[in-house]
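Asks: Okay, here's what each chain looks like letter by letter:
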Amino acid sequence: MDLNTAWFLLIGVLLTGYAVLDGFDLGVGVLHLFARDEYQRRIHLAAIGPVWDGNEVWLLTAGGAMFAAFPVVYATVFSGFYLAFMLLLFALIFRAVSLEFRGQVDSPAWRRFWDWAFGLGSLVPAILFGVAVGNVLRGLPIEADGSLDVSFVALLNPYSLLIGVLTLVMFVMHGAAFLAARTEGDLQQQMSRWTTGAWVVFVVLYLAATSATFFAAPHLLDGVPANPACWLLLVLLLGSMVYLPINVRAGRFVRAFLASCVTIASLVGLMGLSLYPRMVPSSIDPANSLTIYNASSTPRTLTVMLVIALVGMPLVIAYTAYVYAVFMGKVVLTQEGY
Amino acid sequence: MELDPLLLSRLQFALTIGFHFLFPPLTIGLAWLLVIVEWLGWRRGDEDYVRAGVFFGKVLGLTFAVGVATGVVMEFQFGTNWAEYSKFVGDVFGAPLAAEAVFAFFLESTFLGLYLFGRGRVSKAAHWFSILIVALGATLSAFWIIVANSWQQTPAGYVVRGGRAELTDFWAAMFNSSTPHRFFHTMVACLVAGAFLVIGVSAYLILKNKAAEVARKTLKIGLVFGLVFSVMTLFPTGHHHAKQVAEDQPEKFAAMEGLIHGGTRAPMVVIGKPSDEPPRMEYVVEIPGLLSWMAFGNIDAPIEGVKDLNEDGWPTPPMVPTFVSFHSMVALGLLFIALTGLGVLLIIRGKLSQSRWYLKLLVWSIPLPLVACELGWIVAEVGRQPWVVYRVLKTADAFSTNVRGAEILFSLVGFGLIYLALGALYVFVLVRKVNHGPEPPAAEEARS
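So the sequence lines, in the order shown, correspond to chains A and B.
Mapping to numbering that gives the first Met the number 0: the first sequence position 16 is 15, numbers consecutive.
Mapping to numbering that gives the first Met the number 0: the second sequence position 105 is 104, numbers consecutive.
Since the hints were derived computationally from the structure, they do not count as laboratory data.
Please read these numbers as outputs of a predicted model, since none were measured by experiment.
It cannot be assumed that every hint is accurate.
Sample of chain A residues facing chain B (criterion: CB under 7 Å; computed from the structure) [what the hints assert, rightly or not]:
no.: 1; residue: Ala67
no.: 2; residue: Ala95
no.: 3; residue: Ser296
no.: 4; residue: Ile307
Non-contacting residues of chain A with respect to chain B, defined by C-beta distances greater than 10 Å in every case (computed) [claimed, not checked]:
no.: 5; residue: Ala216
no.: 6; residue: Leu236
no.: 7; residue: Tyr242
Beta carbons: idealized from backbone N, C-alpha and C, even for Gly.
Looking at chain B on its own, in the form it has when it is part of the complex (with noise of 0.2 Å):
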């Protein structure tokens, strides 16, 4: 059987780059959590936060060294296995990723070690500045990343010339018009990932009686910070880009829209059964004229659809996996927004400590943000295809011609069993340390 590299270096993209996509969320909520935290142990002198930051601080180290670990393999794999890529746009492209490291990784990992060792051996005003840098890096971090691939998204800033993307106007390139949108929608939804973390945390916590005190209190900060963000992922961030989508990349909201034949007044399809070759929606569920009206706040506005589109010469995207990932990440944003709305509620009634079946329903929902991330990025990249850059290249022109598939086969399956691995160790490890609980308070271990 002849080894497809292309089909191959695909696969180890997607296995590679999700599994990574776990951490940074998880990293950069509970950063900005933990900002929260320390000020509060820090100016108000309340032992209880002190105890939360220390523990919640070594869940970040947890995920940050994960996520390190799986992050140097994005820095390089562009050259290894999409060289034809790298060659093409490098010139425009690499400048992000290179920004990305002189103005966020360092700062993220010099300040991460400050953070997590120098507790006691700086000033606690320096210490709280240590989280501070770090959730700021990482949110740079994340800023660069999206830029990066926002241009992949909606090119701007350049011209092909001599077979390869040359930058011609900086800012244009690096401020696409995809930017700002999936910046912030990607923002909002890492701190909800941290929310979640926390408040699922916290209440097993209060569940098995642990430092109940401590949990108590960051369950009521995590629940509160969850709401606000749940609801931003929705509005404005989640509306504004896909807003910004139909206007940019029609192909990927008509597929993720399930949008067959356009046309003023196009439906909203609520549920319906995608199919791919040919593009079709079957069982459909939908609500005239309100995907015209929420995409240009006008009914009677024109929307293209994938046949529209295909008659044009641009060829669809998979229907199945874009319309499938949207629609399930927009039901579990509404279920984020219901689930910390309902725990608010609970603080308001002063009955959240009480009700357990809410407090265990909150351990289960820990990983279903990361869910919704994975979803937002199958859409933003399945959504693209078959292009790698939209409408200047294509994905097939874009991997290396010089690796052969065998030895694509072998890093793949050595990827594959070291992130399972490392997956069920974080979760071990992650257990463990939960179990563990905060410490004691730094009085009573002196007692005992």
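Excised from the complex, chain A in its bound form (with noise of 0.2 Å):
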């Protein structure tokens, strides 16, 4: 494996664990406006309290390594999509700071604000996510000299549409399993039966966005059925699938969330795979496409930045799982909360 493909995996993991971790509390953060009173809310925000703001920095980890492993990627789709990015900066700007606001006064007026800017600030990401990763896909008006103007409008199209609700869907689902897992009684029963109306919704907007790619995005197709690997993960992503609505009938819920886990991993994966070795395919012409190759750093600096990723990445994995060991079970509502 070269360097660049090294580093093209290594953003994907970064993607990955953004999607799996932060995709759960921007999940908790939509269905926290759906909470039948003040008791489930603040349920749903000690859920995930100590934890949201660490799968948060998955997202500035997976920014950071762009800048430095892929600068013509990172400049070039982050001005590209100047006004969603910005929308984007918004949005999680409120949804950061609700959760600390939120307790501070006892108003109810006070605290429905902070919930809706939370919702919100939850809702419009998780779509905005998809959206980008459906322009991603579709691919970009890449001119011959890299430039790339799109207008705000242009990003709003129907497949990107698809699949940025496609993704939100995802992340309710995802965020229901997760505090089913994490409560008991009725509210439990709640999130079960989210869980599973979020996953009949979903399992039908994949099998939809699945086919509008074969018209929209065609060239994703292109010698993937010929990758082992894109048919492990199909097996993994339809298994996981079939396997997260049996355990939520079971009422076994860690289970049904590790389902869900490896759904949105395998997911994430085989958009992957079907890009590479592209980040961002231009629909004018794919000679003009960034790849891995022609918009990268130098090796010296894929090298050294692999080293840092190897020397860090485990340790952050390592005390995230010893922080989540400390916080799981079910939620318990204390003073230090929100």
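Each of the two chains sits in its own frame; use the hints to bring them together as a complex.
Replies: Structure representation (structure tokens):
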């Protein structure tokens, strides 16, 4: 495996980590809008309180790694998606502070405001991530000189919106499974129903998106069926998609949550595999596509960064696992929480 | 009217980084103070320190949250607004940003969760360890960011090839000539900012007679801590940083010192009125030879002035903001030493709690170190203009050419409104938390 491929994989790992981890707290954020009362809302927030911030760091790390390893992709895509990105940032700002501000004033109107800020601050990013992924999969109008000029409205095409909604539903399913695993009684029952409901919608949308890909982004399928890794991921994806509702029905919510983790990871993996070695296909001419070779940093930088990643990430995974172990189990409301 | 994307992107960067930079210094300073307070609470078993830890821990959580929310913007803004810059420097500049995320962000945010929510869930040793890791993580985070910014000031370990800067020597690029000076100077400034928050809040609690037994203890710790690091902002860190700027960035040095015509026995301008276009100084009060002596240890050492550098082809950064910010920052630094020194004197004479005028002064001084931090940042960044990478890439060649002025205006207004609200909310919530004060001791709570 060459350095560029190693970095493509690493960024894939970071994005997968982000989707699996922040995916559930974005989902919980959306579900929080539908909680029945203050008690339920506080359980929602307490369930993700100690970990959401660390989860979001996966996104920052993916951004930083993209800057270091593939600066041309970082520069082209982020400036190309300017308005969409600004909306994402506004939403993430509101989301980050709403948890902190919410509990500060004992007034229903105050809490209601921050509940909405948190809910929408979770919903908007979930959709925007999907829309961004959809546009990248579809290909962007990258010129021969590498420039990209695309309007915000053009980003909201049907295919990308479909991927946006798919992502939202997937995160809601993921968040509901997470909450079901960490709650008891009524709320658990409720979350169990949400998980199943979201799963049904997810399956339908997944099938629709896959079919749409044949028309909207046929270039993604070139050579993919010949790749054994693709079949492995597909088996994992379909297996976990079947495994999930079985466990929800049996009341084994931890397993259902793990299944949902595998579903998300294998879906991200499949997308990465179908893009490889491209990072952003050009819709004007395939030759203009940004690839892991023409958009990368120098071998020296990639090597240095690889050392940093191989030293740093195992540590990160180890202490993240430790902190999760401390806070797992059923949610208990305490004074220290939100 | 044609909207200038360069100007708007510069304004947006100044706004977003300027606002963000209010919070990390508080987080870093507060985290290190909490390391001390929590240690005392744990090892001495003194309930007052534990209460102080819980109380200031909540302030830390609030400050950290706003810092994270505004920091996310920074990680992506190079790509959105400064695409040409990102393409040019990515091979060198991306590495410290990614290293910050891997080595620092994960540490601080993961262990902050453990610190804020883990009291009673993990052992006292593990809990203290978690705040230590938060402080270390925040410090590391500052380190990598300053590494990245220092490379813009004094680039090293690279070669320009094929229209971009390519890394040739990682260690030379990371530990370029300004990195250590700027890191230590910024760090001690952060510690002063944290100290002034703690002493100001403690003074307020004493004045309002709320948990005064807790506040008296944190006030003393904060004052000693504040005095030590206030002195260190001036010497050795400030002094050595200025010497390094004199060596490496003569245009910035001449502008911040108000030196128009250089030569040997260069004077130190104590006060004066700078103007731009053309750069000049009026109403100057100066001490002859002192600048040469301070910068090079020899009053006969020659220093180039703004005009001399112009003749060599090096443009002058905007004089007014550079000179005024630098001199105001130094004046504030002296004030911090005087304020904290006076406090330590009052502790020694046992008159601290009775000196209400002094306590009131401390309350109003809370934001001053943040002002000093902002001023220092203005000196660093404005003093580097018109370059974004000193003598390598101009700011005017660095912005995203595919983003329209109107789009940037939209986001600039958006950030302006959101940050105005965030700033107001932060102060509002902080004041509420402070007015609520530390929780009563556990035993008393059980009785009531």
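Asks: Now tell me if each hint is right for this structure.
Replies: Going through the hints against the structure:
| no. | hint | result |
| --- | --- | --- |
| 1 | Ala67 | 3 Å, holds |
| 2 | Ala95 | 4 Å, holds |
| 3 | Ser296 | 4 Å, holds |
| 4 | Ile307 | 5 Å, holds |
| 5 | Ala216 | 23 Å, holds |
| 6 | Leu236 | 28 Å, holds |
| 7 | Tyr242 | 29 Å, holds |
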